[in-house]
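Protein chains: 2
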Amino acid sequence: MPPTITAFESSPDRGRGQARDMRVRWAFEEVGQPYDVRLVSFAAMKEPTHRARHPFGQIPTYEDGDLTLFESGAIVLHIAERHDGLLPKDANARVRAIAWMFAALSTVEPPIVELTMAMLFERDKSWYAERLPMLQERVRVRLGELSRHISDADWLDGAFGAGDLMMVTVLRRLNTSGLLDEYPGIAAYVARGEARPAFRRAFDAQLAVFKAASQS
Amino acid sequence: MPPTITAFESSPDRGRGQARDMRVRWAFEEVGQPYDVRLVSFAAMKEPTHRARHPFGQIPTYEDGDLTLFESGAIVLHIAERHDGLLPKDANARVRAIAWMFAALSTVEPPIVELTMAMLFERDKSWYAERLPMLQERVRVRLGELSRHISDADWLDGAFGAGDLMMVTVLRRLNTSGLLDEYPGIAAYVARGEARPAFRRAFDAQLAVFKAASQS
Numbered sequence: 001m002p003p004t005i006t007a008f009e010s011s012p013d014r015g016r017g018q019a020r021d022m023r024v025r026w027a028f029e030e031v032g033q034p035y036d037v038r039l040v041s042f043a044a045m046k047e048p049t050h051r052a053r054h055p056f057g058q059i060p061t062y063e064d065g066d067l068t069l070f071e072s073g074a075i076v077l078h079i080a081e082r083h084d085g086l087l088p089k090d091a092n093a094r095v096r097a098i099a100w101m102f103a104a105l106s107t108v109e110p111p112i113v114e115l116t117m118a119m120l121f122e123r124d125k126s127w128y129a130e131r132l133p134m135l136q137e138r139v140r141v142r143l144g145e146l147s148r149h150i151s152d153a154d155w156l157d158g159a160f161g162a163g164d165l166m167m168v169t170v171l172r173r174l175n176t177s178g179l180l181d182e183y184p185g186i187a188a189y190v191a192r193g194e195a196r197p198a199f200r201r202a203f204d205a206q207l208a209v210f211k212a213a214s215q216s
Numbered sequence: 001m002p003p004t005i006t007a008f009e010s011s012p013d014r015g016r017g018q019a020r021d022m023r024v025r026w027a028f029e030e031v032g033q034p035y036d037v038r039l040v041s042f043a044a045m046k047e048p049t050h051r052a053r054h055p056f057g058q059i060p061t062y063e064d065g066d067l068t069l070f071e072s073g074a075i076v077l078h079i080a081e082r083h084d085g086l087l088p089k090d091a092n093a094r095v096r097a098i099a100w101m102f103a104a105l106s107t108v109e110p111p112i113v114e115l116t117m118a119m120l121f122e123r124d125k126s127w128y129a130e131r132l133p134m135l136q137e138r139v140r141v142r143l144g145e146l147s148r149h150i151s152d153a154d155w156l157d158g159a160f161g162a163g164d165l166m167m168v169t170v171l172r173r174l175n176t177s178g179l180l181d182e183y184p185g186i187a188a189y190v191a192r193g194e195a196r197p198a199f200r201r202a203f204d205a206q207l208a209v210f211k212a213a214s215q216s
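Each protein sequence line maps, in turn, to chains A and B.
In terms of UniProt numbering, the first sequence is numbered consecutively and its last residue is 216.
In terms of UniProt numbering, the second sequence is numbered consecutively and its last residue is 216.
Note that these hints are calculated values from the structure, not bench results.
Quick caveat, the model's predicted, so the values are computed rather than measured.
Hints may contain errors.
[Said to hold, decoys possible] Which stretches of chain A does chain B cover? Using the computed rule of at least three CB atoms under 8 Å from a CB of chain B, they are: (1) 54 to 67; (2) 90 to 97; (3) 103 to 113; (4) 121 to 132; (5) 143 to 156.
[Said to hold, decoys possible] 27 Å max Cα-Cα, derived DSS-like pairs, lysine-lysine: (6) A:K211 with A:K46; (7) A:K125 with B:K89; (8) B:K46 with B:K211; (9) B:K89 with A:K89.
[As the list claims (entries may be wrong)] Pair ranges (Cβ atoms, derived): (10) A:T176 with B:A44: 34 to 42 Å; (11) A:R201 with B:A129: 47 to 55 Å; (12) B:K89 with A:H83: 21 to 29 Å; (13) A:D66 with B:S126: 50 to 58 Å; (14) A:S216 with B:A93: 35 to 43 Å; (15) B:K125 with A:R201: 43 to 51 Å.
From the three backbone atoms N, C-alpha and C, an ideal C-beta is built for every residue, glycine too.
Isolated chain A (complex conformation) (with noise of 0.2 Å):
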């Protein structure tokens, strides 16, 4: 039997990829690996039975056999030590691959949800037009950095990896802030891992989720 994981019965994105299901997806389909999705409402997800697999009442969560897992990064860091594809062969590119996997979630993702939150919920309030310059600065600090350091490469460390599959899911938070074009190196990279016939798969797939529910 396949992997099961959790995603959301109607993604507040309207199906745009932006849950953290879409990590999961991709890293399946960059190593070929099946899987089988349990789709799970917003109630559902807070209630005892999914609060089982994951303490904090999110998605995705990832069942196999007698392991069961949650965090999207810790699932793909799994897929990738089971699977070929997704990490250096090499012991210390495989860790640098590992380092890239919690920059993109500790250090880049922070301040883009930041961000993107705000734009989502704090719009009427009166300090909205104060405070995001600041959000945006501190989002453009990273973002700079981030292209320094990739500059012409097409990824982060070598070979396309694990590391860039998550900082790519980070980055597309961003698709609608107006700053990714402020940075035509990062909208690049974030260019060449949408057009993997793996990314292409994965969002197909968490698309189509979202029309089947918003049909019936």
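Given the structure of chain A, go ahead and fit chain B onto it with the hints provided.
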């Protein structure tokens, strides 16, 4: 030669062990691995020499022979994989411990950093009083969920490990927020972590750096 890490020449937390080198020091102490420390100034962190180690110009970094690493999560995981004591032997339990590292860094830490940064840098803003309860509430959601998970256990999943090490350092950031007092189970969990001899040794080592810097 032991591995070399970098740490703040003069820590902005005045030796309270909130800087991210603390996590790496603690991991070294848990596994009994000696290490060297290279202190860097805020100016030096943004120079090309340090950026070659850490593209985002932060601490800590890790150097061991021809391997250079950044991101505290990746460094702690690397130490945990190379030495006994921070990851279980059982394959599934090992993967779950790594999931807790990711949970600490991607699910629990971001709202905590957002709150503590606002408490430091937005206290004089017109919106501070209105935004503060919202930021506190986001942290409370995570603390409540974590509290239910820990329940009356000592650690997150079986014996103490890398996931606990990460989670305790993340929760310690709330020391001055008053929020830990609302969750006695979490406060006791953090105290259990801080009571470990390896934590004390790591804490004393980073405090000694701050004391030496403030006397010079």
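Consistency of the hints with the structure:
no.	hint	result
1	54 to 67	holds (count 6)
2	90 to 97	holds (count 3)
3	103 to 113	holds (count 7)
4	121 to 132	holds (count 5)
5	143 to 156	holds (count 4)
6	A:K211 with A:K46	holds (24 Å)
7	A:K125 with B:K89	violated (51 Å)
8	B:K46 with B:K211	holds (24 Å)
9	B:K89 with A:K89	holds (22 Å)
10	A:T176 with B:A44: 34 to 42 Å	holds (37 Å)
11	A:R201 with B:A129: 47 to 55 Å	holds (49 Å)
12	B:K89 with A:H83: 21 to 29 Å	holds (22 Å)
13	A:D66 with B:S126: 50 to 58 Å	holds (54 Å)
14	A:S216 with B:A93: 35 to 43 Å	holds (40 Å)
15	B:K125 with A:R201: 43 to 51 Å	holds (46 Å)
Violation of the numbered hints given earlier is confined to hint 7; every other hint is satisfied by the structure.
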